[in-house]
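With the hints as constraints, model all of the structure from the sequences given.
The listed protein sequences correspond, in order, to chains A and B. End of the first sequence = 206 in the working numbering, gap-free, step of one. End of the second sequence = 215 in the working numbering, gap-free, step of one.
Honestly, the hints are just simulated from the structure, not real lab data. Please note that the accuracy of each hint is not assured.
Chain A side only, calculated, beta carbon under 10 Å to chain B, not exhaustive [said to hold, decoys possible]:
#1 8
#2 85
#3 141
A few chain B residues that face chain A, going by a derived Cβ cut-off under 7 Å, partial list only [said to hold, decoys possible]:
#4 118
#5 133
#6 215
Cβ atoms here follow ideal geometry from the backbone N, Cα and C, with glycine treated the same way.
Residues per chain, in single letters:
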Amino acid sequence: MSHTYNGREYALEEVGLSIDGPGLYLVVGPNGSGKTTLLKIVSLNLRPSRGRVIVDGLDAWNTSKGEFAELKSKFVYSHDKPILLRGTFWYNLTMGGRLSGRVDEDFMKRLIEIFEAEKLLEKKSWELSAGQAKLCSLIRALSVKAEVYALDEPFNSLDSSNVSRLLAVLRELSNTKAVLVSTHFLYEGLLNSAKKTIRLINGKIA
Amino acid sequence: MESLLDITLRSLWISGLASLVSFIAALALSFSLARARESVANVVAGFLESLVGVPTTVIGLLTYMLLYPRGPLAPLNLLYTPWAIVIGESLVALPVSAVVLYRSVRRSLSVVSELAASLGLTSGGLFGIAAREIIPDLFTSYLVGFSRAIGELGVALIAGGGIQGYTNVLTTAIALETSIGNYEDAISVGLVLISITALITLALKTMGERIWRSS
Numbered sequence: 001m002s003h004t005y006n007g008r009e010y011a012l013e014e015v016g017l018s019i020d021g022p023g024l025y026l027v028v029g030p031n032g033s034g035k036t037t038l039l040k041i042v043s044l045n046l047r048p049s050r051g052r053v054i055v056d057g058l059d060a061w062n063t064s065k066g067e068f069a070e071l072k073s074k075f076v077y078s079h080d081k082p083i084l085l086r087g088t089f090w091y092n093l094t095m096g097g098r099l100s101g102r103v104d105e106d107f108m109k110r111l112i113e114i115f116e117a118e119k120l121l122e123k124k125s126w127e128l129s130a131g132q133a134k135l136c137s138l139i140r141a142l143s144v145k146a147e148v149y150a151l152d153e154p155f156n157s158l159d160s161s162n163v164s165r166l167l168a169v170l171r172e173l174s175n176t177k178a179v180l181v182s183t184h185f186l187y188e189g190l191l192n193s194a195k196k197t198i199r200l201i202n203g204k205i206a
Numbered sequence: 001m002e003s004l005l006d007i008t009l010r011s012l013w014i015s016g017l018a019s020l021v022s023f024i025a026a027l028a029l030s031f032s033l034a035r036a037r038e039s040v041a042n043v044v045a046g047f048l049e050s051l052v053g054v055p056t057t058v059i060g061l062l063t064y065m066l067l068y069p070r071g072p073l074a075p076l077n078l079l080y081t082p083w084a085i086v087i088g089e090s091l092v093a094l095p096v097s098a099v100v101l102y103r104s105v106r107r108s109l110s111v112v113s114e115l116a117a118s119l120g121l122t123s124g125g126l127f128g129i130a131a132r133e134i135i136p137d138l139f140t141s142y143l144v145g146f147s148r149a150i151g152e153l154g155v156a157l158i159a160g161g162g163i164q165g166y167t168n169v170l171t172t173a174i175a176l177e178t179s180i181g182n183y184e185d186a187i188s189v190g191l192v193l194i195s196i197t198a199l200i201t202l203a204l205k206t207m208g209e210r211i212w213r214s215s
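Listed below in structure tokens is the structure:
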């Protein structure tokens, strides 16, 4: 598949990716290499300018509305820059449930404990630091029940303790789910844990 | 002149109701435009912006034509009643309320929709969440509509008639008192009009801020 935002330059060019079952799938590359575009396409948040996205044998962008909704519900995408709404950390965490209706509340509670986020729950979203906002966005995304999690630069803004915790969470999650992670920095052990690694440079596979 | 208190209360309920009607319509219109294609929405928004400057006498005339004995709404028998003013002032307030609201709604809905899509949702149920994000703009939209409604003369005079004890509002009272040379009374009414508008704006803005901060 290929994608252009302005009709002239391609953010992604002739890139193919196959997600075959649970595991950690790494997408690495420098800034502007097309990682976000790839993750958004894979998670059905962006329709590619050319090419197809096949999910469970169906061409996702050429199905009925109902079928597309069904396929879409299998994916969760976490933004590089977190989208937080007005309200507390807790309000934003539970937005996943409000919007999707499919939340694993036990897993959410576990994640809150793992990341020691209990003290953040009543903080207003505009009072959060970049790292705290990122944590909120990640816990929210990971708590939604899905089959594929596409996490765009999940380690950005996190301190070293939280990076380690997140690595452990992702390794565990990837035993049962497909977890796509884009990153421009290869943390220790990340490469070894990956089932597949895609390297992008200037929108193409290196 | 009839009691200033009666005129004031009448103005408040007529213009308050008219701006509420226009606010609800502006909200519905804004959400519809926010979901439409951007090129179409921008054309409609541009048209609404052009309607902001339409003289209230023209809208008063339009309201009169709708309600007069041979008009399409003649069976309602609303001409020269407070309800005629409510209808006309709703039309006066609608463009300005919608113009204030449309871009905020579009921006807010875009953000909430993107968040919802990222969490696996494809449709529906986002309006309440999107509206919550723009509470100050909702209050501003109502207030600008109210200011425009309570300060207009054309509709109140042409469709309402300025009838003492019935459809006489603050603006028609000013016009009437000025026309018969009672300048002191006219100035008093004018000061009441300015004060009422300022007080209500301040009160609602403060309420809006409190709700915003607590959300």
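Against the structure, the hints:
no.: 1; hint: 8; in the structure: violated (20 Å)
no.: 2; hint: 85; in the structure: holds (6 Å)
no.: 3; hint: 141; in the structure: holds (7 Å)
no.: 4; hint: 118; in the structure: holds (4 Å)
no.: 5; hint: 133; in the structure: holds (6 Å)
no.: 6; hint: 215; in the structure: holds (5 Å)
In summary, the one numbered hint that this structure violates is 1.
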